[in-house]
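Engineer: Chain by chain, the residues run as shown.
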Amino acid sequence: QLQLQESGPGLLKTSETLSLICTVSGDSVSSSGYYWAWIRQPPGKGLEWIASVYYGGNAYYNPSLKSRVTISIDTSKNQFSLKLSSVTAADTAVYYCARQSVRSTPRLDYWGQGTLVTVSS
Amino acid sequence: ESVLTQSPGTLSLSPGERATLSCRASQSVSSNYIAWYQQKPGQAPRLLIYGTSSRATGIPDSFSGSGSGTDFTLTINRLEPEDFAVYYCQRYGSSLWTFGQGTKVEIK
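Taken in order, these protein sequences are the chains called A and B. According to our numbering, the first sequence holds residues 164 to 284 in order. According to our numbering, the second sequence holds residues -1 to 106 in order.
Read the hints as simulated data drawn from the structure, not as lab findings. A hint or two may mislead.
Taking lysine-lysine pairs in the BS3-like style, the calculated list, with each CA pair at most 25 Å apart, reads [said to hold, decoys possible]:
| hint | chain 1 | residue 1 | chain 2 | residue 2 |
| --- | --- | --- | --- | --- |
| 1 | A | Lys246 | A | Lys229 |
| 2 | A | Lys246 | B | Lys106 |
| 3 | A | Lys208 | A | Lys229 |
| 4 | B | Lys102 | B | Lys38 |
| 5 | A | Lys240 | A | Lys208 |
| 6 | A | Lys229 | A | Lys176 |
| 7 | B | Lys106 | B | Lys38 |
| 8 | B | Lys38 | A | Lys229 |
| 9 | A | Lys229 | B | Lys102 |
The following residues of chain A were derived to be distant from chain B, with all beta-carbon distances above 12 Å [said to hold, decoys possible]:
| hint | residue |
| --- | --- |
| 10 | Glu169 |
| 11 | Asn225 |
| 12 | Asn241 |
| 13 | Pro269 |
| 14 | Leu271 |
C-beta atoms are modelled at their ideal positions from N, C-alpha and C, and glycine is treated no differently.
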């Protein structure tokens, strides 16, 4: 059974860099046909896709966050990660990692449980 | 950039009733690229429907999706107590993933 688990600091200060890791079990991040994605959800609000990465290193980003975001993948550890620089209170959210099928019918078919990141001054 | 608008914002229904949720795109979308997710409080979203009308693994046939062009619908027949949740539509296109703002289905 595929499982994804987010990990990283839960509390940051304004202007710091958010760093999260998603550890995948039950599948390989090198599996063809799948990207690996980060999505976030501010408290009480909707979902926002952040970025996606393929095991070959190809990545793409939400234009609204692109200047501050880096996504990467480590096939040796079966993990992928997210870095978001210069955080503000607006970046406070639950951050989810997910597997992204990009076959003819793209979808986010497996999700981690999410991790809350709070940014305070 | 294509925007997804879901309606209504909140749907108040009783168990056993049918729920009809709408998702409208600001630009035409391939039917392959529309999905629906269910989210319960404190939980991650769960994939329900992909490719407009295909049910994900383990999703009961009380859930169905339809639509084309700019108008898409999620229908839940005979609401069960566990179906009361927030539902999001989602579009993939031009290397972007966009979500609607969600529809909350609450117990009347």
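Engineer: Against each hint, give a clear statement of whether it holds in the structure.
Structural biologist: Evaluation of the provided hints:
This hinted pair checks out: A:Lys246 and A:Lys229 have alpha carbons roughly 11 Å apart, not beyond 25 Å. For the suggested pair A:Lys246 and B:Lys106, the alpha carbons sit about 42 Å apart, so the restraint of at most 25 Å is broken. Among the hinted pairs, A:Lys208 with A:Lys229 is consistent with the structure: their alpha-carbon atoms are about 21 Å apart, no more than 25 Å. About 10 Å separates the Cα atoms of B:Lys102 and B:Lys38, which keeps this hinted pair within 25 Å; it holds.
Between A:Lys240 and A:Lys208 the alpha-carbon distance is near 33 Å, which puts this suggested pair outside the 25 Å criterion. This hinted pair checks out: A:Lys229 and A:Lys176 have alpha carbons roughly 21 Å apart, not beyond 25 Å. Only pairs whose Cα atoms come within 25 Å are accepted, and B:Lys106 paired with B:Lys38 is accepted, the gap being roughly 17 Å. Proposed proximity of B:Lys38 and A:Lys229 is contradicted: the alpha carbons are some 29 Å apart, above 25 Å.
With a CA separation close to 30 Å, the supplied pair A:Lys229 and B:Lys102 exceeds the 25 Å bound. A cut-off of 12 Å between C-beta atoms contradicts the statement that A:Glu169 is not in contact with chain B; the least separation is 10 Å. The claim that A:Asn225 is not at the interface with chain B is violated, since a C-beta of that chain comes within 12 Å of its own (minimum 7 Å). Annotated as non-interface, A:Asn241 keeps its C-beta farther than 12 Å from every C-beta of chain B; the closest such distance is 19 Å.
Listed as outside the interface, A:Pro269 is inconsistent with that label: its C-beta sits roughly 4 Å from the nearest C-beta of chain B, within the 12 Å cut-off. Not every CB of chain B is more than 12 Å from the CB of A:Leu271 (nearest about 6 Å), against its label as outside the interface.
When the structure is compared with the earlier hints, violations turn up for hints 2, 5, 8, 9, 10, 11, 13, 14 and for no others.
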